Structures are given as structure tokens and as C-alpha cells.
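Here the protein sequences come in this chain order: A and B. Heads up: the first sequence begins at 1 in our numbering, then just goes up one per residue. Heads up: the second sequence begins at 1 in our numbering, then just goes up one per residue.
Note that these hints are calculated values from the structure, not bench results. Since we're looking at a predicted model, the values are computed, not measured. Treat the hints with caution; some may be incorrect.
Here are the simulated SDA-like pairs of lysine to any residue, each with C-alpha atoms no more than 25 Å apart in a straight line [as the list claims (entries may be wrong)]: (1) A:Lys227 - A:Gln216; (2) A:Lys227 - A:Thr213; (3) B:Lys101 - A:Ala44; (4) B:Lys101 - A:Ala24; (5) B:Lys7 - A:Ala214; (6) A:Lys298 - B:Gly100; (7) B:Lys7 - A:Gln216; (8) B:Lys125 - A:Val225; (9) B:Lys101 - A:Ala214; (10) B:Lys125 - A:Phe286; (11) B:Lys7 - A:Arg117; (12) B:Lys7 - A:Leu119; (13) A:Lys298 - A:Leu231; (14) B:Lys7 - A:Ala24; (15) A:Lys298 - A:Phe286; (16) B:Lys125 - B:Val110; (17) B:Lys125 - A:Val221; (18) A:Lys298 - B:Ile113; (19) B:Lys101 - A:Asp26; (20) B:Lys7 - A:Val199.
If you want a taste of the chain B side facing chain A, the calculated C-beta under 10 Å gives, among others [unchecked claim]: (21) Ile16; (22) Ile53; (23) Leu119; (24) Ala151.
Backbone N, C-alpha and C define an ideal beta-carbon position, used for all residues, glycine too.
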Amino acid sequence: MAAGTDVLNPPAPARRRGKATRRARDERRLAYMLCAPAVVVMLAVTAYPILYAVWLSLRRADLRFPAQSAFVGLANYVTVLRSGLWWQAVANTVIITVVSVAIELVFGMAIALVMHRALIGRTAVRTAVLIPYGIITVVAAFSWRFAWTPSLGYLPRWLHLNGDPLTAHASSLAIIILAEVWKTTPFMSLLLLAGLALVSNELLEAARVDGATAWQRFTNVILPVMKPAILVAVLFRVMDAFRIFDNIFILTQGSNSTQSVSILGYDQLFVGLNLGIGSAMSVLIFVMIAIIGFGFIKGFGAAAPGMDTER
Amino acid sequence: MSVSGEKRALWGLTDIVVIALALVPVVWIVSLSLKTPATLTDGAFFPQHPSFINYRGIFHTTLFTRSFLNSIGIAVITTVVSVILAAMAAYAVARLDFRGKQLLVGASLVVAIFPLISLVSPIFKLWLRLHLYDTWPGLILPYLTFSLPLAIYTLSAFFREIPWELEQAAQMDGATPFQAFVRVIAPLAAPGVFTTAILVFIFAWNEFLFAISLTSTDAARTVPAALAFFTGSSQFEQPTGSIAAAAVVVTIPIVLLVLVFQRRIVAGLTAGAVKG
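Excised from the complex, chain B in its bound form:
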């Protein structure tokens, strides 16, 4: 078994290299966030005297807390609405026969590759006129538009795998259509819906171009946009520590999602790719 042991060691080493490459920038921003203003510029990879002073700083300003709330609210609402609309369309795509299906799929592909920059200024002008500029709906609407293709695509890939005959079988056994849906189909569809929700959430949480273009105050500015305009917890302070701390705080939800739902995210990202 010495060959196997050697092989295991080799794989273990490879694993460690890949994991290290994936995590170094994350560890770096965490260490930066734990440095005190005095040691910030010491150039060391790890903080010499870890301190939470930067975290205390950002949670004392509405600049960060407000944008954090905006981010959560906008991402959650986008996710819920997008998944509902996409589930309806994906059900039709996966299960019903209708003219224009190819057109729908083709059109959503076009939306998926749309260069966002081509749309920001018209939307900006339109939003000013419709009083949507610098509001939650003003960001949620474009986020819906650009998450729907991904959501429809992923969900229809999942829906195609559901054995829909079970629904009829349940009704044959005396279940009402509603019971058949809730007890049989919904549990089968739930993993796909959930996976799609995670991907949409990550998209909305991440978005930057619209976030800086369609907001101007902390009424709707999300964290990525706020980070770009950060000035530090006080006017006279270098914002590096604050940016690092804020960056870490908004990364925590993503890390949790990844740790808990690793398998689902992989399944979602690869759902349609194979059939391609």
C-alpha cells in the first residue's frame, strides 16, 4: 500500500495548493481588517496585535450599517421575486408545449450576455423621470431582469429531471391536485428552487455597476457601491481598515452559504452546462 500512501500524499499536497490559492486574498483582507491603525502599514501578512477596532468603527457609522441593510433587503427581495417569476416560466419551458419557446429561451440568452454598461445611462434617465432613481425598486428591477435568464435556465434544467408522472400517480391514489402538488411535486422541485435562489442571491449581492450608477445616497446604496465611496469612520482617517472590515462583514454571508450549500451551488452551476 506504499504506492497508495504516496499517491494520497501527492493528492493532499495538490489539494492544499489549490485551497491556499483560493483563500489567500480572503485571509489577507481578514488580517488587514484586524490590524490597528498603527500597524496597518507594517506590510506583514498577519496582524501582530489583532484588534476589532475597525469593526467597532464601521458599525458606529450609518454609512456602513445603512448600506448593509440595503444590500440585504435588495438581494433578498430580488431573490424571492426572481425565483417565483423564473419558476413559472421554467415550468412552462420544461413541461408545456407552446409556440415561441425557442424565442423565449433565445431572448433570455441575449439578456444574459447584455453588456450592462449599454443600459445604465438610459435606465438612469428613465429612473429619474419615474422617480425610481436612488430607491430599492430602482435596483431590484434591473437585478430581476439580469437574474431571470440565469434563474430560468437553471430551474428548467432541474424541472426537466422531475418525474412528473408521480403527480398523476398521487391523484390516482386519491390525492387532490393541490395535495399532489404540495406533497409530491414541491418536495422534488425544492432543491432546484433553493439552488437557484442561492445563485440569484450571490448575483444581487455582488452587483456593482448599477449600484453605483443608480444610487446617490444611503437610501439605496448597497455595500459594493458604498465600499467604493468609503471615507473611513471619521473624516481624517485612512479608510483602508474600515474598507477591510466592511469587506469581511459582507463576505461572511457568502462564506456561510458556500460552507453549508457547497453541493447545491455546484449542482446549480453545472445544471445546464453539460447538456449545453
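Same shape as in the complex, but just chain A:
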């Protein structure tokens, strides 16, 4: 009914002074009323908890020793930043993020080109790639785990592997990256497909007439036009990959030093029950994500999606 009531009072093309201000005020009030519920829900579950996390991170708060709770300043941060475990998790997270997003960008672009230009079977391809996008990450991770488990799966047999690849550090990381790439390449390719739609056929045709090879057309015509779409896709995926949790939880549970920062934080909070240390990690993860986001927007000029809603 929100839209219905506004009909009585549509944004007028011709505004007279007195009426216009009242109308503008009414419009603003309606806008606030419409946005209020969403804003309240978003703030309630983020603003207070993150402040609470900051507060917890400054305290010794170990649920196993509740009597020893006390304000400890930045001691938890010092502990975390001095721990090899933390830096191992940061390194894993960075490796997984960089490698998987790089691979996804290449495959995503290839799949986007297939979906865009294929003479036949476009619908079939689009439908098929939506399956990895939609499937529950935990389900996909189980499928990969079973596929790689020697007594169970088909992959060790096909690849003639000795031993269990999920019990060694490097091969575990590789499998985590594989699972991540399989699951999220479709998302990347759909965002790229949207950018590809902006490339004009006339421009491509003109380049072809001028004798540009397919590769030249791709690098000199298609890529520049697609740059904004590529940056948005990479930004989204980097942010998302940096939070990786589900795949690792199912594939290795973080064993063999395959923890990501999120897995490590979870272990501190829910297994170690050390809320102080866990919260310090949480805050550090938040800060890292924020730095990455700002870096992208400032450094590469990636338009933050939605920041330009006013046309």
C-alpha cells in the first residue's frame, strides 16, 4: 500500500514554491518511514554486536575461567598478532583468495563468452552453471570431500594418487581452492556476462574490418568496455573469498594448517571458548575486509555497486 498512498502525492514535475517544499517534506517523511524497518533490522544485528565485539576484544574473557575476566587493553591483539597460527591463517586466506579469484576471473570470462556468443545451447549452459551457484556450499563441499577420499571417491583412483590428499597441507589447500572455484565461478561469469552485453557489436565489427585479430578485439575492444563490470565482479568475489568458511569446515575442519581467518576465529570462539582472543580476531578480520574494500574503491576506481543510485 506504500506505493498506493504515494500516488496521491506524486513527485510533481512543475513545482511552485510553497507547495513544493511541503511536498518535498512529505516525500522525505514517506521515504524515512519506508526505509526505517530495513535500517533498524540491519543496524540491530550489526552495529551493536560489532561494538560488543570490540569491547570483548579488550577484555580477558575466557568462558572456561569466567572469574578471571578483566579489562586487558590491547593485550589480546598483541597475543593474536604474535601468534604463528594467526599469520598462518592470514597466509592461507590470502592464498585461497588470490588464487581462486584469479582462476575464476579467467574461467568466468571464458564461460561468459560461451554464454554470450554460443550459437547453440545457450539456455542449457546458463541453466547448468546456475546449479553450482545455487547449491548449498556444504553439500558441494561434501561432494568434493567424498570424491577425494581414497576409500570412497573416484578421483584418487583416476589420478592414481597414493595416500589421502586431504591429509596434507598443499593438496588440501588445492582442493579447497578447487571447491571454491567450482562453486563461485558461475557468479563471476554472470556478472561478467552483464558487462559483455554492453560491448557493441558495431564496434567489434569495425575492429574486425580494420583487421584486428580475435585476441586484439578481446584486449582492445571488449576488455576496456568491461572494466567496470570486471572490477565489481572481482571486488565482490575477493570480499566473499576472504570470508571463506563453509568449504574449509567440511573439507578439512582446518586440520593440516588449512585454517582460514574465519575458521580460526570460530575455533577460538566456539571450541576454545576464548571470547577475548576470538573477538580480537573478529575485529582484525573486519578491519582487513574494510581495508580491502576501500583499497578497491579508491585504488582501482571500482564503483561501489549502488553508490550511484541517484541518476
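Please arrange chain B on chain A, whose structure you already have, making use of the hints.
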């Protein structure tokens, strides 16, 4: 036309490769779910003697059926509420002029990239105090929070494309504001709303970190969380077959959504990306 035929064959081959890569892990978990305990470890890609024994097993335990119901209920409620709240906000963003619009959009972007792990322990402690721990609302609330940015973003992209002048035109022709909304605007907005609903549903259906952190029993545990703690249909059985079967059952709704609404999902995911 031989060139064209060759080209078609090449494209057909490319299509098949892409489709195969997309589907192999899904086919694998289906075959695993159809294997009997005796052939489970034979390492074959396809089951030699397909059997539904694993499916019968999981539907005989409340462990799975309960979490399946939780998943459906929580995802559906999240979807409905999120889309209603987001539609209101998106209407304001797309159509009204107000101070703080940039702030709203910026804030929802921040929520969208929020690392969930940073919030689980404070929410966990808060939920214990508010008696929301291990309840449906305890999961629905954070799911709303983290689906709203996506929903507002997608919906406002769709709403901007609606020719709102039609509404006035209908009123000019004698329709009441309500009629104008129901007959003219609602049908135009429906595809965007529907698409957004699908994306929110997929998000809520998929979520895992909150699901394992904020639940402890089958009162609110959703399927992804239940899968992680699965112990098999009986205590002495390896849970692999049961996990595979449960995984297939919860994948069916997603496959149906994708098959029926492929175009809408693509449209939704790409709605705001281009303008970027």
C-alpha cells in the same frame, strides 16, 4: 554451410564441456546416495546396484526431517519478510528524493561485505540473554540483516526500470490509486520482486556459519548445519550414504528453482552489476 556446421559442432562441444564441469560433483553425490552400504566404497563413479536405502534411512530419523522443516520454514519466512522490507526501502531509493539516501545505500553495502565471523560471538551471547538462541527467530533475524542489502540493491535496480508514469495515466483514465497500483504497477514490479525472492531464498537456504553457531538442537538447526553433525541413521553406521542422500534431497529445491526460473535468476544477479 559446412563452416556453419563445423562451428555448430565446436560450440556444441564447448557447451558440453562447460555443462559437464558444472554438473559432475552433483552427479557424483547423487550416485553416492544411491549406493548400498556394501558398494559404497567401491570407488566407482556410478552405482552398480542403485538403491534407495539411504533415502529410506534419512526419512526415518527426525534428525533429517526436523532440520528439513526448519530449513524450509526459516528460508521461507526470511524470504517473505526480507522482500517486503526491501521493497519498501527500494521504492524509496528508486523513486523518492530524500536526504540520507547515499548513506542508506552505503550502509547496506557495508552490511553486505560484513565478515559474519565478526558477529557470531556477540550475537551468540546476546541471543542467550534474549532467549533467541536455538530458535527460528534467532536465525531469521540475522538472515534478514544479511539478505536485505542484496534485496534492496536488486529491487531498486528493477524499480528504476518501471515506467511509473503509467500509474498517473491509469488514474487519469479514472482508476483509483489502489486500482492503479494493483492493476498497473504491481504487475510491472512482480518480476523483480519474484527474482529477488529467489535470490534471498537461495541465500537463506545456503547459510552455514550462523546455522551452526546459533543453534544446538533440532529445534532450529537447518539442513546445512545438521549435515555437518550427521551421524548416520543408526549409531553404528557410517554416515556417508545418509549425508549424500540428505544432500541430494536439499539440492532438489535448488535444481527446480534453477530449471524453472533460470532467466529470472540471471536477470537478478546481473541487475545492478552493469551500471555498477
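Consistency of the hints with the structure:
Distance check on the hinted pair: Lys227 (chain A) and Gln216 (chain A) sit about 16 Å apart at the alpha-carbon level, within 25 Å; holds. At most 25 Å may separate the alpha-carbon atoms for a hinted pair to count; Lys227 (chain A) and Thr213 (chain A) meet this at roughly 20 Å. Between the alpha carbons of Lys101 (chain B) and Ala44 (chain A) the distance comes to roughly 19 Å, so the proposed pair stays at or under 25 Å and holds. Simply put, Lys101 (chain B) and Ala24 (chain A) have alpha-carbon atoms about 14 Å apart, close enough for the 25 Å limit, and the pair holds.
Of the supplied pair hints, the one linking Lys7 (chain B) and Ala214 (chain A) holds, its CA atoms being roughly 15 Å apart against a limit of 25 Å. Using a Cα cut-off of 25 Å, the hinted pair Lys298 (chain A) and Gly100 (chain B) holds, with the two alpha carbons roughly 22 Å apart. Note on Lys7 (chain B) and Gln216 (chain A): the hinted pairing holds, with a Cα-Cα distance of about 21 Å set against a maximum of 25 Å. Taken as a hint, the Lys125 (chain B) and Val225 (chain A) pair is broken in the structure, with Cα atoms around 48 Å apart against an allowance of 25 Å.
Straight-line distance between C-alpha atoms of Lys101 (chain B) and Ala214 (chain A) comes to about 44 Å, which puts the hinted pair past the 25 Å bound. With a C-alpha separation of about 19 Å, the suggested pair Lys125 (chain B) and Phe286 (chain A) falls inside the 25 Å cut-off, and the hint holds. Note on Lys7 (chain B) and Arg117 (chain A): the hinted pairing holds, with a Cα-Cα distance of about 12 Å set against a maximum of 25 Å. The hinted pair formed by Lys7 (chain B) and Leu119 (chain A) meets the criterion: a straight-line CA distance of about 8 Å does not exceed 25 Å.
For the given pair, Lys298 (chain A) sits about 12 Å from Leu231 (chain A) by alpha-carbon distance, which is consistent with the 25 Å threshold. At most 25 Å may separate the alpha-carbon atoms for a hinted pair to count; Lys7 (chain B) and Ala24 (chain A) exceed this at roughly 59 Å. With a C-alpha separation of about 18 Å, the suggested pairing of Lys298 (chain A) with Phe286 (chain A) holds against the 25 Å cut-off. Simply put, Lys125 (chain B) and Val110 (chain B) have alpha-carbon atoms about 23 Å apart, close enough for the 25 Å limit, and the pair holds.
With a C-alpha separation of about 54 Å, the suggested pair Lys125 (chain B) and Val221 (chain A) falls outside the 25 Å cut-off, and the hint is violated. About 16 Å separates the Cα atoms of Lys298 (chain A) and Ile113 (chain B), which keeps this hinted pair within 25 Å; it holds. Taking the CA atoms of Lys101 (chain B) and Asp26 (chain A), the gap is near 15 Å; set against the 25 Å cutoff, the hint holds. Our distance criterion of 25 Å between C-alpha atoms is met by Lys7 (chain B) and Val199 (chain A), whose separation comes to about 22 Å.
The closest approach between the C-beta of Ile16 (chain B) and any C-beta of chain A is roughly 8 Å, which is under the 10 Å cut-off, so the hint is satisfied. Violation of the interface hint for Ile53 (chain B) is found here, the shortest Cβ-Cβ separation to chain A being roughly 17 Å, above the 10 Å cut-off. Hint status for Leu119 (chain B) relative to chain A: holds, with the closest Cβ pair at about 5 Å, below 10 Å. For Ala151 (chain B), the interface hint holds, the least distance from its beta-carbon to any beta-carbon of chain A being 9 Å, beneath 10 Å.
Checked against the numbered hints given earlier, this structure breaks hints 8, 9, 14, 17, 22; the rest are met.
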